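When you get a sec, could you build the whole thing from the sequences and use the hints?
If you read the protein sequences in the order shown, they are chains F and X.
Just remember that the working numbering sits 388 ahead of the position in the first sequence, which is counted from 1.
Just remember that the working numbering sits 17 ahead of the position in the second sequence, which is counted from 1.
One thing to keep in mind: the hints can contain errors.
Residues from chain X shown here face chain F by an in silico Cβ test under 7 Å; the list is partial [what the hints assert, rightly or not]:
#1 ALA77
#2 MET147
#3 TYR263
#4 MET275
#5 MET326
Far from chain X, by Cβ distances over 10 Å, these chain F residues were calculated [stated by the list, open to error]:
#6 LYS453
#7 ALA454
#8 GLN455
#9 ALA456
#10 ASP459
#11 TYR461
#12 THR462
#13 VAL463
#14 VAL465
#15 PRO477
#16 GLY479
#17 ASP481
#18 ARG487
#19 GLN498
#20 LYS567
It should be emphasised that the hints constitute simulated quantities derived from the structure, not laboratory data.
This one's a predicted model, so the numbers in the text were calculated from it and none came from an experiment.
All C-beta atoms, glycine included, are put in the ideal place defined by N, C-alpha and C.
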Amino acid sequence: MSAILPPAERLWWKHPLDRVEGTWIAIAFVWCMIMFFMMIYWHMYGKQNLSTETYKTTSEQFAAKAQAVVDKYTVRVETDFQTPVVAPPPGSDVYMIARLWNFWPILELQQGQTYRLHLTSMDYNHGFSLQPANINIQVVPGYEHVVTVTPNQSGTYSVVCNEFCGIGHHTMVGRIYVKAEAGNVQ
Amino acid sequence: MSNNTTYRTCPRSGLQFESQAEKLVIANAVAGVIFLLIGGILAIGIVLTRWPSVHWLEAATFYQVLTAHGLDMLVYWIIFFEIAVLYFCSSTLLRCRIATPKVAWLAFALMVIGSVMNNYAVYDGASSVMMTSYVPMMAAPSFYLGLILFAVGALIACFVFFGTLVVAKREKTYQGSVPLVTFGAITAAIIAVFTIASGAIILIPTWMQSMGWVEHVDPLIYRVIWWAFGHSSQQINVAAHISIWYLVAAVVFGAKPMSERVSRGAFLLYIVFLQLASAHHILSDPGMSVEWKVLNTSYFMYFAVLASMIHGLTIPGAMEVAQRAKGYNKGLFEWLRKAPWGNPSFSGVFISIIGFGFLGGISGVMMGTEQLNMIIHNTIYVPGHFHATVVIGTTLSFMALTYFLIPVLFKREIINPTLAKWQPYLFGLSMYFFCLVMMGAGTLGVSRRHWDMAFSGAALAYEWPGAAYLMMGLVGIAGIAAIAGGAIFIYLTVGSLLWGKRVAQTRISSEPTPIPVGAPSAAAQSYGSLGFAAPGTFVLAMIFLAAFVLYYFINWKYLSTLWGLS
Chain F
389 MSAILPPAER
399 LWWKHPLDRV
409 EGTWIAIAFV
419 WCMIMFFMMI
429 YWHMYGKQNL
439 STETYKTTSE
449 QFAAKAQAVV
459 DKYTVRVETD
469 FQTPVVAPPP
479 GSDVYMIARL
489 WNFWPILELQ
499 QGQTYRLHLT
509 SMDYNHGFSL
519 QPANINIQVV
529 PGYEHVVTVT
539 PNQSGTYSVV
549 CNEFCGIGHH
559 TMVGRIYVKA
569 EAGNVQ
Chain X
18 MSNNTTYRTC
28 PRSGLQFESQ
38 AEKLVIANAV
48 AGVIFLLIGG
58 ILAIGIVLTR
68 WPSVHWLEAA
78 TFYQVLTAHG
88 LDMLVYWIIF
98 FEIAVLYFCS
108 STLLRCRIAT
118 PKVAWLAFAL
128 MVIGSVMNNY
138 AVYDGASSVM
148 MTSYVPMMAA
158 PSFYLGLILF
168 AVGALIACFV
178 FFGTLVVAKR
188 EKTYQGSVPL
198 VTFGAITAAI
208 IAVFTIASGA
218 IILIPTWMQS
228 MGWVEHVDPL
238 IYRVIWWAFG
248 HSSQQINVAA
258 HISIWYLVAA
268 VVFGAKPMSE
278 RVSRGAFLLY
288 IVFLQLASAH
298 HILSDPGMSV
308 EWKVLNTSYF
318 MYFAVLASMI
328 HGLTIPGAME
338 VAQRAKGYNK
348 GLFEWLRKAP
358 WGNPSFSGVF
368 ISIIGFGFLG
378 GISGVMMGTE
388 QLNMIIHNTI
398 YVPGHFHATV
408 VIGTTLSFMA
418 LTYFLIPVLF
428 KREIINPTLA
438 KWQPYLFGLS
448 MYFFCLVMMG
458 AGTLGVSRRH
468 WDMAFSGAAL
478 AYEWPGAAYL
488 MMGLVGIAGI
498 AAIAGGAIFI
508 YLTVGSLLWG
518 KRVAQTRISS
528 EPTPIPVGAP
538 SAAAQSYGSL
548 GFAAPGTFVL
558 AMIFLAAFVL
568 YYFINWKYLS
578 TLWGLS
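Written as structure tokens, this is what we have:
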């Protein structure tokens, strides 16, 4: 008679469906399929799909590669810590190190150009949270994640760490400058 | 087979409690409520620190309190209470003795030792690693050992539950199939076994690393397997609190499931697909393939979401059918208007259903979409979502069930019925607001698990928009209101247990009384309109769907404005 008693009809699985239930199940099923295929559709036609290109790495290996790019393309230094500002050419590989408690170096990219951004952590898990665009990527130690990015607006972006990484977590903020396209000064 | 035990029949509900099972249900429920109290006190510290203009605790204390709050609420309060629900749904609903009560007490002891050890490790200070304890950040060995002992205890309790089902079947205390609510509890227990096994697979090596016996646990593998424990344990909650929704519908309205086949089929979908939830947490991680993410995040093509959407219709639908049968048949919504809104068991469950669906469900599907995850990953949107599922969904349902159990199980009258009448509204509605503003702040990018949104001391501080500060202030206010609602619940339950008037008891027998065999009811439905047995519920479901579709595509629109990523 009720949900806390055994079903009164022994053959409950033969009990016919009510129309309200049948209709709702059909509608819900169609909606679920739309949501499922939406993800696949976006991979074919959408512009925001997170790359899954990943390599195993170590902090020494990654730091050496990042240092080479910094040595080659540093245009100036900023902050009290003399953080290099690196402006690599469009299409190139750029590196950002996440470590306790900063992102290193500062990057200077150009609007509308594409870069291969390599991310890893030197120690704990960190979070790459690009603000105010609000793009969030997990940074896992031991894994080099290559994300292809195309900034679509110029301006000053911050990279906020949004994975808890210890007592100095709230001081871990990096920066990416995006310079306007030539002839498109904003 | 006769055992030295007695059976008490509750004069009010007609439920029959075996004395060993009754003590076990009480012990587990009380342990749960104690952790709810501790977790609630800790919540004050979190809320008052994240409220930007208050910013109360020091960073170290904040992270410590946040770690303990997560564990006490998500693990200990909920799982202790769930074990009570499992024993209730087996021994009480099937009217049989509990299998191996001594083993069940051993399980309880392990769970108590584990939870206390783990809590102590956090308060001791060297284990502020958050509930998730991602390696390579290390906590004290007792942190992991406590969790492992607790999990072993919970696993044993699940097997006591399965054993009790066997006892009922063998001693023929019921005929035919188990009740739907018990079926839901079986679902929860099966998911629990999978969940706890995943926890053991990853926490045991991590504990060994903390002891220095293992060199290295891979951080990415840890995340994948830990979340098979962390997220699946929330699926135990879903199965458990949906069972409670059916139970309360049955108790309050005498509602019978619209169709046993549909409801049980939906529970079956949970068993088959809910485990895949681990993927939700890895969508913005390196290392996993697109195919893996797309297939798993949607719980295999959204079949588990489909199951929740089915339950979301069938439970209010069953209530509607029962109300219409009683004559509340006017228009679309008379059945709802004339529902017992002053009964905290009903109002709690109804607020829980609506909040779980609209706030927890829709946001959960949005953030669990492979590409959309990037716009909320690790922002405070995530706790906004899971407070809607776990607090509004699970905790509020458990509170609603507790109001039913105080006279029935604890044999006491509720001390202040007026306060009890209002408690679900205060707690539930302030949690609605709390979740909404948290998701609002998360949409603006505000980080979760973050001590200072002003980034004091950072070389390159970022300035959040004013709206983000406003939202976080509202999180503080709503959080304090919800904590007040929680405090009233604790006062009412503890007060009723201590000072409530005793409910007169009548019959105690040494033999169980089997469940009488019910007469099959007529299959034809003669209420409702348009050939729909529950037209009002169907309209509510269509409103839900419209909100869902709209919100889902708004987020795709937002995503399309971001930097190109490929």
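Cross-check of the supplied hints:
Among the interface hints, the one on X/ALA77 holds; its C-beta lies about 6 Å from the nearest C-beta in chain F, closer than the 7 Å criterion. Here the hint on X/MET147 is kept, as its CB sits about 5 Å from the closest CB of chain F, short of 7 Å. At a threshold of 7 Å, the smallest CB-CB gap from X/TYR263 to chain F is about 4 Å, leaving the interface hint in force. The beta carbon of X/MET275 is positioned within 7 Å of a beta carbon in chain F (closest approach about 5 Å), and the interface hint is therefore held.
Interface hint at X/MET326: satisfied, since its Cβ lies 4 Å from the closest Cβ of chain F, which is below the 7 Å cut-off. For F/LYS453, the shortest C-beta to C-beta distance to chain X comes to about 16 Å, beyond the 10 Å cut-off, and the non-interface label holds. Non-interface call for F/ALA454 relative to chain X: holds, since the shortest CB-CB distance, roughly 16 Å, exceeds 10 Å. With a least CB separation of 20 Å from chain X, F/GLN455 remains clear of the 10 Å interface cut-off, as annotated.
With a least CB separation of 21 Å from chain X, F/ALA456 remains clear of the 10 Å interface cut-off, as annotated. With a cut of 10 Å on Cβ distances, F/ASP459 stays outside the contact zone with chain X, its closest approach being about 22 Å. The beta carbon of F/TYR461 sits about 19 Å from the closest Cβ of chain X, which is more than 10 Å, so the claim that it is off the interface holds. Residue-level check passed: F/THR462 sits 17 Å from the nearest beta carbon of chain X, beyond 10 Å.
No Cβ of chain X approaches the Cβ of F/VAL463 within 10 Å, the least distance being about 17 Å, so the stated non-interface status holds. The non-interface label for F/VAL465 is consistent with chain X: the shortest C-beta to C-beta separation is roughly 12 Å, beyond 10 Å. Every C-beta of chain X lies more than 10 Å from that of F/PRO477, the closest at about 18 Å, which supports listing it as non-interface. For F/GLY479, the requirement that its beta carbon stay farther than 10 Å from each beta carbon of chain X is met, with the minimum near 13 Å.
With a closest Cβ-Cβ approach of about 15 Å to chain X, F/ASP481 is found to remain outside the 10 Å limit, as its non-interface label requires. Under the 10 Å C-beta cut-off, the non-interface status given to F/ARG487 relative to chain X holds; the minimum distance is some 13 Å. The beta carbon of F/GLN498 sits about 13 Å from the closest Cβ of chain X, which is more than 10 Å, so the claim that it is off the interface holds. For F/LYS567, the shortest C-beta to C-beta distance to chain X comes to about 14 Å, beyond the 10 Å cut-off, and the non-interface label holds.
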